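From just these sequences and the hints, can you work out the full model?
If you want the building blocks of each chain, they are given just below.
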Amino acid sequence: MAENREFYWRRLHSLLGVIPVGIFLIQHLVVNHFATRGEQAFNDAAHFMESLPFRIFLELFIIFIPLYFHAIYGVYIAFTAKNNTRRYGTLRNYMFMLQRVSGVITLIFVTWHVWETRIQAALGAEVNFGMMEEILANPWMVAFYILGIVSTTFHFANGLWSFMVSWGITVSARSQKISTYATLGVFIVLTVIGIRAILAFV
Amino acid sequence: MATATEEKVIKFEIHRQDDENSAPYFEEFEIPYRANMNVISALMEIRRNPFNKKGEKTTPVSWDMGCLEEVCGACSMVINGKPRQSCTALVDQLEQPIRLEPMRTFPVVRDLQVDRSRMFDSLKRVKAWIPIDGTYDLGPGPRMPEKKRQWAYELSKCMTCGVCLEACPNVNSKSDFIGPAPLSQVRLFNAHPTGAMNKNERLESIMGDGGLSTCGNSQNCVEACPKGIPLTTSIAALNRDTNLQMFRNFFGSDKEV
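Protein sequence lines, in the order shown, are assigned to chains A and B. Its first residue numbered 575, the first sequence is counted upward by one per residue in the working numbering. Its first residue numbered 49, the second sequence is counted upward by one per residue in the working numbering.
Derived by calculation from the structure, the hints in this document are not laboratory data. Quantities reported herein were computed from a predicted structural model and do not represent experimental measurements. Beta carbons are placed, not taken as given, at the ideal position from N, Cα and C, and that holds for glycine. Watch out, some of these pointers could steer you wrong.
[Stated by the list, open to error] Capping the alpha-carbon separation at 30 Å, the derived lysine-lysine pairs in DSSO-like fashion look like this: (1) K656/A to K175/B; (2) K101/B to K656/A; (3) K656/A to K275/B.
[Unchecked claim] Which bits of chain A does chain B cover? Going by a derived footprint, with three or more residues having C-beta under 8 Å, they are: (4) 645-658; (5) 728-734; (6) 746-755; (7) 764-772.
[Unchecked claim] Derived list of chain B stretches under chain A, where covered just means 3 residues or more per stretch with a C-beta under 8 Å from a C-beta of chain A: (8) 216-227; (9) 248-262; (10) 269-278.
The structure is reproduced here in structure tokens:
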């Protein structure tokens, strides 16, 4: 790899986490929320999504490529840190540590989830309300999915905070404090949407 | 006069390491209490009378110091788990035993002494100076507004002590991050009316590997800085400047500075 490319990789990593991956996350959680309106509503929504034209290209360029670039580069970032929350127990230092922990959990969860749904769909299974009902019949899977969703929404919300710092949107200490509260709101809203959908299958 | 005050001692646990490569160990010391000591005067006491707690004769503890008034940064070490200057670490305010360790983010030379060369190399890398030398007198530079001077003075208080690097989770042996201190110097010199004439060069220097983008926003630096320098604000402001510079470089721009 050419030298002095780290700046561009890091900026790309920060950008892709929000656009398109973060936007896709919101869309996915919102579509899932149809499950709270019953089996038919969910199946209709899922069917609409899977019958979008150019589906494979949408999936490749909006989901898989940016997601796995973000994930793999993120694992490298996570393992080059030496956490020291015991020495500095401040909120931001905990967030720094949790961002790395939640990133790794999210990668494991998302990879498992893609295997269980999208890959199975490619192998001929039908992704519908019944499929999720079956997966979530196991209480351990309910716990795993809830952990996965909370970890994902945390990683996105806190990532949005550092996105705003990395792109020079929030510069002053006060603006960074305000964005802490704003992204906390994003975390709560998305977590409620995500967990409500999961519980609809249980 | 055998009073209680005469028996009162100050307890120390000090990191010892004979040279760069030898294994570190801790040695305990007890020195007679005096009021209003700082860590340096206690280390001087040990140097005057180098016996450890068990009464064995040992080598005097080695450490760095300079100004003794918290402006040079040389005497920085980890005191009871926190990196700070030993000249302003007052014994009466510290919990005992007082544990002294070197800032291990830097190569340890001996005992509490570290080699901070990497920080000075970083200052060279980011061109933390204002080039005014030439073959003829260029005359006075542009004036700096007084308000801006007062603001810049705060950034100029950096003494390259290394505490922010020691506090940063992204400055370690697995990473080549240059750390917060030299980054903030880029902001200082780019804010100077004459320094601003070489703004691009400094921005490009921190867009290299291990530069600005390696910051992970743990914000420990701003908590740890003994001079209260707004390091995280400097970093965020530089993020804005380097992003614009990135777009100019990529798309081509005739804006020079």
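Results of checking the hints against the structure:
1. K656/A to K175/B: Holds, at roughly 28 Å.
2. K101/B to K656/A: violated (34 Å)
3. K656/A to K275/B: Holds: K656/A and K275/B sit about 24 Å apart, inside 30 Å.
4. 645-658: Held - the segment 645-658 of chain A has 7 residues with a Cβ nearer than 8 Å to chain B, which meets the minimum of three.
5. 728-734: Coverage by chain B is violated for the segment 728-734 of chain A (0 residues, Cβ < 8 Å).
6. 746-755: Result for this restraint: holds, n = 3.
7. 764-772: violated (count 0)
8. 216-227: holds (count 5)
9. 248-262: Our answer is that it holds, as 8 residues pass the Cβ test (under 8 Å) against chain A, meeting three.
10. 269-278: Answer holds; 3 residues pass the 8 Å Cβ test.
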